[in-house]
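Work the whole structure out from these sequences, hints included.
Chain by chain, the residues:
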Amino acid sequence: MKITFDMDRYNELLEKEKRLSQQSNSLIFENKDEFIELLSYGARVESQISYERKEEYYSLISQYIEKVITPPLFQSKFLKMEKEDAKAAKMITKDFKQLAIFSVDLKAVEFSSLIGEISDVSMVAREFGPEEGISDQKFRKSIEKTFLQMQEFF
Amino acid sequence: MKPSRKSIFSSGVLVIAFLSFFLSAYKYSDLKGLRRLVVAFKIAIFLMVSPLSPANAKDSEFLPGSEGFTPPRPPLSRLAPNNPGYFGSKTTGSSSSGEPKKSPDNNSGDDPSNTPFSDYETNPDLKENRPESKNFKHYIHEKISEDNSDDESEKQCAIEEIKVGIANDGTFINILDSQVRDKGLHIPDFLDAETLDGKFDVSEADNLEYSDRLNYLRDKNNLPDDIVFQARDEILDFMTAVDTKLIPGFLGKSKIEGTVFINLRLNKVGFRDNGSYKFRTAMTMNDKKIKHLAKTDFHLFPNSGKQ
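Protein chains in written order, with my numbering: chain B, 451 to 604; chain X, 27 to 333.
Calculated directly from the structure, the hints in this document are not laboratory data. Some clues are possibly wrong.
With a straight-line cut-off of 27 Å between C-alpha atoms, the simulated DSSO-like cross-links for lysine-lysine are [as the list claims (entries may be wrong)]:
#1 X:K321 x B:K588
#2 X:K321 x B:K557
#3 X:K246 x B:K530
#4 B:K504 x B:K468
#5 B:K466 x X:K68
#6 X:K281 x B:K588
#7 B:K591 x X:K321
#8 X:K225 x X:K246
#9 B:K482 x X:K225
#10 B:K540 x X:K321
#11 B:K588 x B:K452
#12 B:K595 x X:K279
#13 X:K281 x B:K468
#14 B:K530 x X:K321
#15 B:K591 x X:K246
#16 X:K321 x B:K537
#17 B:K527 x X:K246
#18 B:K544 x B:K504
#19 X:K321 x B:K544
#20 B:K547 x B:K504
#21 X:K225 x B:K530
See the structure below:
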């Protein structure tokens, strides 16, 4: 099942944010639900783009699971891929014509939440040391768990 | 003989200036107890007795390592106009998942002295004629090694430069170069490949374990100062941008209280402590992650130390 975007609503939210911004304000402060709704457009586009690269993600995670690559290298490569997806998504959300015809597979949203989990632990591992952040052992456990959940998408 | 009004006035001005320098130095020091008082006193005396050109400061034996130091401007107690009041004017309450940790030298976010500019200076419309780094000032910061030695002479002291930016709500952002250096993996989020080319290869650091990575980033041969300074300035540009939003939030497993800086145009997120207004981290973040951040009460890295 696929979902498309309500462009009128997107426009409305963008205009609202723009108007508030001119008053040194933002939807973040005025209406957090609408702020989250506004961000969900970009987030969904990104989910679809990640989903379309799911084999690449799978392959990279496999390499880590099989200890072909080290944890730091895996984290770096994984986050790089995610950044590429975000960059592509940004270009689409900026282009109303493209966004209007863009559709998102519901499975992509589910898959993307797993990508998000791996991304979160990878960021924690890079941002903090093993004591404040996450130990190698716990990191591996977390990735293995998410990897198992990913199997259903293939 | 009675002192003249002029001499009384001059003395008064000197006393006020001394107190201002002393209080500023005391406030921004990371030291504790008597040592903090002594160092603040020395800095205040130094500022009172020496001319303020960097060349003279360099020759001073009174406060070695203070070359290039410009004295802090005494803060003025004025809030920025149109301040939505989400940071600087009030603190956040604790969240349901545990008590947030205050910064060690916590003055809380409602310190009105953290508003150094007048309305005129904080009005974005009036900033156009000023140079790019209009809101930046340099301070010094005494850094002491955290060894367990009781012998004062064995403790390593160094003077480190602090750059201070003014956020769009008029509050301070104190950036230590060493913090930018330690967060070197995020530098490519702020500097383009052309700038980094031949100077800093982040992929080298990327492949290292945490402690090795820190050592790598702390070596100036691997990460030159000029790259750190440029990254620091870019980070400050983002954090002081007119369209950057300041939201009360938390960092890490200890739930350190502070302010989350979010810029949707740049897709950048940063964090500053509440108590010391110290910059902690900044990075690029996609819409999905910013959305998640908003859903989790603006708690950056809430899962650290939990998995």
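Identify every previously stated hint that the structure contradicts and give their numbers, smallest first.
Violated: hints 4, 5, 9, 11, 13, 15.
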